[in-house]
Amino acid sequence: MAVLAPALRVGRAELDKRWPNRDRRTDGWIGDTSHAVTGRPENGGSDHNPNNRGVVDALDIDVDGIDCPAVVAAACAHPSVNYVIWNRSIWSRSRGFKKAQYTGSNPHTDHIHISLIQNAGAENNTRGWGISTAVGTVPVSNPTTTWPAELIAKLPELAKSPTERGSVRKAQALLNAAGASLNTDGVFGALTETAVRAFQQARGLTVDGIVGPNTWRALLGTLATIKVGAKGDDVKRCQWLLNVAGAALATDGSFGSLTQTAAREYQARHGLTVDGIVGPNTWTALLTR
Amino acid sequence: MTDAQDVIDRNTVAGLASTNPNVAASQGDYNHEDHIGDEQAEDDEVAAARARLEAGGTV
Numbered sequence: 001m002a003v004l005a006p007a008l009r010v011g012r013a014e015l016d017k018r019w020p021n022r023d024r025r026t027d028g029w030i031g032d033t034s035h036a037v038t039g040r041p042e043n044g045g046s047d048h049n050p051n052n053r054g055v056v057d058a059l060d061i062d063v064d065g066i067d068c069p070a071v072v073a074a075a076c077a078h079p080s081v082n083y084v085i086w087n088r089s090i091w092s093r094s095r096g097f098k099k100a101q102y103t104g105s106n107p108h109t110d111h112i113h114i115s116l117i118q119n120a121g122a123e124n125n126t127r128g129w130g131i132s133t134a135v136g137t138v139p140v141s142n143p144t145t146t147w148p149a150e151l152i153a154k155l156p157e158l159a160k161s162p163t164e165r166g167s168v169r170k171a172q173a174l175l176n177a178a179g180a181s182l183n184t185d186g187v188f189g190a191l192t193e194t195a196v197r198a199f200q201q202a203r204g205l206t207v208d209g210i211v212g213p214n215t216w217r218a219l220l221g222t223l224a225t226i227k228v229g230a231k232g233d234d235v236k237r238c239q240w241l242l243n244v245a246g247a248a249l250a251t252d253g254s255f256g257s258l259t260q261t262a263a264r265e266y267q268a269r270h271g272l273t274v275d276g277i278v279g280p281n282t283w284t285a286l287l288t289r
Numbered sequence: 290m291t292d293a294q295d296v297i298d299r300n301t302v303a304g305l306a307s308t309n310p311n312v313a314a315s316q317g318d319y320n321h322e323d324h325i326g327d328e329q330a331e332d333d334e335v336a337a338a339r340a341r342l343e344a345g346g347t348v
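Chains A and B, in that order, are what the protein sequence lines are. As numbered in my numbering, residues 1 to 289 make up the first sequence, in order. As numbered in my numbering, residues 290 to 348 make up the second sequence, in order.
Simulated from the structure, these hints should not be mistaken for lab results. Nothing here was measured: the structure is a model prediction, and the numbers come from that model. Heads up, some of the hints might be wrong.
[As the list claims (entries may be wrong)] Derived CB-CB ranges, DEER-like: (1) A:Gly229 with B:Asn320: 28 to 34 Å; (2) A:Arg93 with B:Ala337: 17 to 23 Å; (3) B:Ala340 with A:Ala120: 29 to 35 Å; (4) A:Arg289 with B:Gly345: 44 to 50 Å; (5) A:Thr133 with B:Asp323: 35 to 41 Å; (6) B:Arg341 with A:Lys231: 50 to 56 Å; (7) A:Ala120 with B:Gly345: 25 to 31 Å; (8) B:Asp323 with A:Ala250: 45 to 51 Å; (9) A:Gly166 with B:Ala340: 49 to 55 Å; (10) B:Ala344 with A:Asn214: 51 to 57 Å; (11) B:Asp323 with A:Thr222: 40 to 46 Å.
[Unchecked claim] Which chain B residues face chain A? A few, computed with CB under 8 Å, are given here: (12) Tyr319; (13) Asn320; (14) His321; (15) Val348.
Backbone N, C-alpha and C fix where the C-beta goes; we use that ideal spot for every residue, glycine too.
Assemble the whole structure, with the sequences as input and the hints as a guide.
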């Protein structure tokens, strides 16, 4: 497993606390395949690659919605930081954190890059950054497996002939993923009610034909992050929801290149990070937009 | 927004097309410290933030 360094998790948490509405679209920490081929950072590879402890010691922060000079100053003062790059300039420990021109091809005008010193002591230093008041140790955010109650609460209760056609289409899609054969037309008619009742019966839920929180939760199953190569019911649910959003996928439960392309197109249309990976944010969008 | 999680399976990394568009755009600049140029005058705002921090406050 690769994990973001605890020191950087603390810094990011302070950023989120001070600027809760900051733009996070160009945040990031772990590199892509083009970085992976450069090898471990100890061997001259990118700091965005996991080191031999499985820790990533670099964080990119979107510049929108934050006070960039303040963040740069805080990073320069942190004992774990090795260097900071922002807006064509670099502040490096090797130069006493004096501002210098950054001559790399990426100007870093849309993000601040922070790299830590590559050792366990620096990575695990959870002292505050002085960006906001202390947040303490920040646990890692593991892949989620249960749907947040807040999201479930946002989903409308659906009964026969409701007006929420968009939500009805999603419920119909999820019912189909569970074995029904409904038109995903957004009309909660007799066939949909029958399918809801059958689903509730099969899952041991109260059989009332109404899609409330418990039925939504059962329809949604587990909240998994899925990508190319994934197979199973999570993928099937995703394919059905992507189809409701305009895709034309085979709902075979196999996350191949076509599903990836559909996911990327959906993410692009909805202002999400376009990575073809369906995680909590993409799932939430699929259900609520 | 990224489907952010702080732990990623090591095998997942190799399959990521682009976890972060910035990171992907940085190709060729992996060794950032190889690209340090001439020293520059510090920004007033950065200096002011540093002073606030040194005074015991937040930036």
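To see whether the hints hold, each was checked on the structure:
A hinted range of 28 to 34 Å holds for the C-beta pair A:Gly229 and B:Asn320, which are about 32 Å apart. A hinted range of 17 to 23 Å for the beta carbons of A:Arg93 and B:Ala337 is consistent with their spacing of about 21 Å. Our hint of 29 to 35 Å for B:Ala340 and A:Ala120 holds, since their Cβ atoms are close to 32 Å apart. Under the hint 44 to 50 Å, the C-beta atoms of A:Arg289 and B:Gly345, about 45 Å apart, fit the expected range.
Look at A:Thr133 against B:Asp323: about 37 Å separates their beta carbons, and that is inside 35 to 41 Å. For the pair B:Arg341 and A:Lys231, the supplied restraint of 50 to 56 Å holds, since their beta-carbon distance comes to about 53 Å. Between A:Ala120 and B:Gly345, the C-beta spacing of about 29 Å keeps the proposed range 25 to 31 Å intact. The hinted window of 45 to 51 Å between B:Asp323 and A:Ala250 holds, with their beta carbons roughly 48 Å apart.
The hinted range of 49 to 55 Å is satisfied by A:Gly166 and B:Ala340, whose Cβ atoms lie roughly 53 Å apart. At roughly 55 Å, the beta carbons of B:Ala344 and A:Asn214 sit within the given window of 51 to 57 Å. About 45 Å separates the C-beta atoms of B:Asp323 and A:Thr222, a value consistent with the hinted range of 40 to 46 Å. At about 4 Å, the closest approach between the beta carbon of B:Tyr319 and any beta carbon in chain A falls short of 8 Å, and the interface hint on this residue holds.
A distance limit of 8 Å between C-beta atoms decides the matter here; for B:Asn320 the minimum to chain A is near 6 Å, and the interface restraint holds. Checking B:His321 against chain A by beta carbon gives a least distance of about 6 Å; that is within 8 Å, so the hint holds. Taking 8 Å as the C-beta contact cut-off toward chain A, the hint placing B:Val348 at the interface holds, the least distance being around 4 Å.
In the structure shown, no violation is registered for any of the earlier numbered hints.
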